[in-house]
Amino acid sequence: MPSTITEKILARAAGSSRVAPGDNIWVNVDILLTHDVCGPGTIGIFKREFGKTAKVWDPDRVVIIPDHYIFTADEKAHRNVDILRDFVKEQGMRYFYEPDTLNYKGVCHVALPEEGHVRPGEVIFGTDSHTCTHGALGAFATGIGNTDAAFILGTGRLLIKVPPTLRFNLNGAKPEYVTAKDMILRIIGDIGVDGATYCAMEFCGEAVTALNIDERMTLCNMAVEAGAKNGIIEPDEKTIDYVRARTKLAFEPVYGDRDAQPARAWDYDVSTFEPCVAEPHLPSNFALARERRHIKLDRAYIGSCTGGKLSDFIMAARLLKGRKVSIPTFLVPATTEVAEKLITETVDGKVLVEIFAEAGCLDIAPPSCAACLGGPVDTFGRTQDKEVVISTTNRNFVGRMGSKDAPIYLASPLTVAASAITGRITDPREFM
Amino acid sequence: MIEKTDRIRGKVYVLGDNVDTDLIIPAEYLNLVPTIPEEYRKLGAHALSGLPDSYPPFVLPGAFQSEYRIIIAGRNFGCGSSREHAPIALGAAGVQAVVTESYARIFFRNTMATGEFYPFESVENLTGLFKTGDEAEIDISRAAISNLTSERTFALRPLGAVAEVIEAGGLFGYARKTGMIAGGVKRENNAHVK
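In the order they appear, the protein sequences are chains P and X.
Note that this note's numbering numbers the first sequence so that position 362 is 362, with each residue one more than the last.
Note that this note's numbering numbers the second sequence so that position 61 is 61, with each residue one more than the last.
These are calculated hints, taken from the structure and not from any lab test.
Certain hints may be false.
[Said to hold, decoys possible] Here are the simulated BS3-like pairs of lysine-lysine, each with C-alpha atoms no more than 27 Å apart in a straight line:
id	chain 1	residue 1	chain 2	residue 2
1	X	K4	P	K47
2	P	K47	X	K131
3	P	K52	X	K42
4	P	K55	P	K8
Chain P extracted, bound-state conformation (with noise of 0.2 Å):
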């Protein structure tokens, strides 16, 4: 009976030569991903269960990474890095990417791959919504709460069901225009935000390898938003390359049979997909965003796990070489990484951070979660008030980016360059 890439990796994790979609298996975890929100009360729980002095089952496969209240004065986020540290000098932990070291990375989910934590065919799972994302990568990730983690921590073990697979066959030509974002944002709002509850979202399809990392990162993390369990591209080359620049250690990638049937499936041509927003308050309110040019802005925001990659703030550079934006226009690169190659990487022989600075853009931010959800009051980005904001990132319910009346349109990084040019909502192709 043939399976899916999804099916294969659990029946691997389990100790099995076979799952089916329903199936309640117990899976053996690879990685277990925590920040700086959820870490505290995870470790609280596994105290309070396994005990105070309990060891982890495996202190190498847990990667901490604090990244969502870490450039504010809030002392409970300082108190909750603190908690964090005790805990990884307690356990003998190796990755614990501290704040206000030189080991600071960002996002978690931009910073797992980057720190090769994430190796095509593993079981990946993280307290946090969009580890969903690490499914780009060819693994099987996805989020859970504080509880499931202590329980991770004290056994290295979870209890879950095999998810039915979704396939969506995204083929044809994606012009230059169209970005994933594009992409995920048009499925979503196909299926609604409960259309792949429980399941997993197989992206498959010329236009899908075609993307780079990057942008089959954007793909992934969004699934989420569908209700998905998982997000997952089959791995090739690109996946392998990315992967081993930045592991040495072993690992063996599960591909998913040839005639694996899904539950269902989705065919689009993507040579046909324009730049679109999800409009206010759902992530799938989907609208062309050449019919909503009439509708005015009042910031721009380029950032997060979704949209503060690399390729992104390329996305962005593009649109606004030799040009101005006309609103308040926020960037937050995800990690270090991506910080440090704002000032080597160049567009058309322009270096990205002074591109950005000549179009007006407000200095870029330090990286972290920032405003994609809020935060404590005095965070970078935050809305206070009634600010009409087009952002990179991946929410927009009401009060998402700090202020219950500050609407939200998202957008791809080529339509809020677009968008913060001429102050309201603008395809990109008029710059383009």
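For this one, chain P is given, so just place chain X on it according to the hints.
Just chain X, lined up with the frame of chain P:
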């Protein structure tokens, strides 16, 4: 957290579809650590504070618990983040049951893991059949909810195995109670680490 019971009775608070985790507990309160008792209490004070101001307050200013015991909602309840603070805030505020048409995956899993309240699914969408402030009673063994104000009764999907986990206080309580704590053996070899 709640005690094992046959019936849940109390005032109802009605919401719509897609009640997301930013509504249930806004991100600014995620610096609170749920395993610290004082901060667990504070999470209750902020439960559903993300709702627009047009909604009646779920928890009155200055209080730590809500007067509403039962939440009735539509589809995809708890969508968004994996923050366990979300079901915890509702439980800390005194919610004993949520009755919704469907749940988002992580939120449902977190509710079961923490045992904070009973996560029921209704057979039909009940949001038009209850008003905020109505008095209701849930009969758990019959899998039914009665609107005592309108005197109508509606079917719920049976909780099945989830009920025992909630009654035991969540995942760890259940594991201890049934003698299965720690579901497995430490990994024998760390072959991946060369």
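- Straight-line Cα separation of P/K52 and X/K42 no greater than 27 Å? Distance ~25 Å between P/K52 and X/K42 Cα, so the pair holds.
- Given pair status - P/K47, X/K4, alpha carbons within 27 Å: OK: X/K4 and P/K47 at ~26 Å, within 27 Å.
- Query: Would the pair P/K55 and P/K8 pass a check requiring their Cα atoms to be no farther apart than 27 Å?
  - Reply: violated, 31 Å
- Message: Need the status of pair P/K47, X/K131: alpha-carbon distance at most 27 Å?
- Response: violated, 42 Å
Hint violations for this structure: numbers 2, 4, all remaining hints satisfied.
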